[in-house]
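K.L.:
Read top to bottom, the protein sequences are chains H and F. When we follow the working numbering, the leftmost residue of the first sequence carries the number 24, and every step to the right adds one. When we follow the working numbering, the leftmost residue of the second sequence carries the number 24, and every step to the right adds one.
Wrong hints could be hidden among the right ones.
BS3-like, lysine-lysine: derived pairs with alpha carbons at most 30 Å apart [said to hold, decoys possible]: (1) F/LYS47 - H/LYS150; (2) F/LYS150 - F/LYS188; (3) H/LYS150 - H/LYS182; (4) F/LYS150 - F/LYS187; (5) F/LYS187 - F/LYS125; (6) F/LYS47 - F/LYS125; (7) H/LYS150 - H/LYS187; (8) H/LYS125 - H/LYS150; (9) F/LYS150 - H/LYS47; (10) H/LYS125 - H/LYS182; (11) F/LYS125 - H/LYS125; (12) H/LYS125 - H/LYS188; (13) F/LYS47 - H/LYS47; (14) H/LYS47 - F/LYS125; (15) F/LYS150 - F/LYS125.
Far from chain H, some chain F residues (derived; all Cβ distances over 10 Å) [claimed, not checked]: (16) ALA69; (17) GLY158; (18) ILE164; (19) VAL200; (20) TYR222.
Hints were generated in silico from the structure; no laboratory data involved. Being a predicted model, the structure only gives us computed values, none of them experimental. Using N, Cα and C, we set each Cβ at its ideal position, and we do this for glycine too.
2 protein chains.
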Amino acid sequence: MSCYPDAIETLISWFSRLPGVGYKSAERMVMHLLEMREEDIQDFAASMTEMKRTIRRCAVTNALTDREVSEFYTDPSRDSSLLCVVETSRDMFAVERSGVFKGRYLVLGGKLSPLNGIGPDELAFDKLLRMLDNGSYGEIIVATGSDVEGEATAVYIQKLLHHKKIRITRIAYGVPVGSSLDYTDEMTIMRALQGRREY
Amino acid sequence: MSCYPDAIETLISWFSRLPGVGYKSAERMVMHLLEMREEDIQDFAASMTEMKRTIRRCAVTNALTDREVSEFYTDPSRDSSLLCVVETSRDMFAVERSGVFKGRYLVLGGKLSPLNGIGPDELAFDKLLRMLDNGSYGEIIVATGSDVEGEATAVYIQKLLHHKKIRITRIAYGVPVGSSLDYTDEMTIMRALQGRREY
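All chains, full assembly: derive it from the sequences and hints.
P.N.:
Rendered as structure tokens:
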């Protein structure tokens, strides 16, 4: 069925493996690469292997890092009494970009999802407990997602830590900034009403 | 603004350069790569540089190939009296996948587009003329696109070759297979009516 030379076909199949990329998009990407300068492609390829070689999981916080321990943990200017628990490193960087959180992070590496075979042992709860043993945190902010699994993970954390006498908080559910109520689903409006605050 | 380790950020910016890929998609791709096995990533990276190294333009037909001359030209089982002129190698492979054309191809390498600085000198008209001088073609099928520039390119080819006494044909405009008339634009319906045939 295919008519491309092997070298192109092979690369298309590699790009097709990426999330959100079908055959047609992969084809476009490869055609674009063919137009790029050879040095650029070598740099691109080198940065792929380089990334895989240098990036690892932080020994303490489980975040993606190019060091033994993430600088978000070692940075002395950050508040060492606040711990934010997130599902993935992407979530961590999303929180970081908001600019309001200056504490430490723990990255679970996913969310509880029994149907997909992800139980507590697959997530970094051991690192979470070790961080709490080795630090003095006044508040744990549970910033897992607001879907069913993220919520189940939050409940699990709350149960895991509730004997520790640390303040455990959950990020707010509500109407996203910039959206109007008539485009917001009922569950979100219900949660926004339940979470209302005094002016 | 960014908080990813440099190695990740660099790779995200490489992926963002690909067509149809924004920062968020590039981020997802890089996170996916991090989950892949190191050998796979090395193979992926190697196939990128390998493709750039081995793929070139066919000396005769201008098609993408891993040989000096494309096998679509050298294959003796193909009809050497039919020549199909297409804009790009992707178009060539699209025609090939239809399975009805068994002649030779010439790839122009684009379409006439004065606004983008693409005139006749940027396209492979020299190779087209050389093919006609060195072969005996009974029919030239002009399979450039049906947009304004593709059409202008087709007209240019018709003028370029009209003294050659070769039959020059243009692929049909009309309603795409599987689409209903009420979703088809007026220009296409107009062309479909103009191009009607006897049963």
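K.L.:
It remains to establish, for every hint, whether it holds in the given structure.
P.N.:
Cross-check of the supplied hints:
{"no.": "1", "hint": "F/LYS47 - H/LYS150", "verdict": "28 Å, holds"}
{"no.": "2", "hint": "F/LYS150 - F/LYS188", "verdict": "18 Å, holds"}
{"no.": "3", "hint": "H/LYS150 - H/LYS182", "verdict": "16 Å, holds"}
{"no.": "4", "hint": "F/LYS150 - F/LYS187", "verdict": "15 Å, holds"}
{"no.": "5", "hint": "F/LYS187 - F/LYS125", "verdict": "23 Å, holds"}
{"no.": "6", "hint": "F/LYS47 - F/LYS125", "verdict": "43 Å, violated"}
{"no.": "7", "hint": "H/LYS150 - H/LYS187", "verdict": "15 Å, holds"}
{"no.": "8", "hint": "H/LYS125 - H/LYS150", "verdict": "20 Å, holds"}
{"no.": "9", "hint": "F/LYS150 - H/LYS47", "verdict": "28 Å, holds"}
{"no.": "10", "hint": "H/LYS125 - H/LYS182", "verdict": "25 Å, holds"}
{"no.": "11", "hint": "F/LYS125 - H/LYS125", "verdict": "66 Å, violated"}
{"no.": "12", "hint": "H/LYS125 - H/LYS188", "verdict": "22 Å, holds"}
{"no.": "13", "hint": "F/LYS47 - H/LYS47", "verdict": "20 Å, holds"}
{"no.": "14", "hint": "H/LYS47 - F/LYS125", "verdict": "23 Å, holds"}
{"no.": "15", "hint": "F/LYS150 - F/LYS125", "verdict": "20 Å, holds"}
{"no.": "16", "hint": "ALA69", "verdict": "7 Å, violated"}
{"no.": "17", "hint": "GLY158", "verdict": "21 Å, holds"}
{"no.": "18", "hint": "ILE164", "verdict": "17 Å, holds"}
{"no.": "19", "hint": "VAL200", "verdict": "18 Å, holds"}
{"no.": "20", "hint": "TYR222", "verdict": "32 Å, holds"}
Consistency with the previously given hints fails for numbers 6, 11, 16, ordered from lowest to highest.
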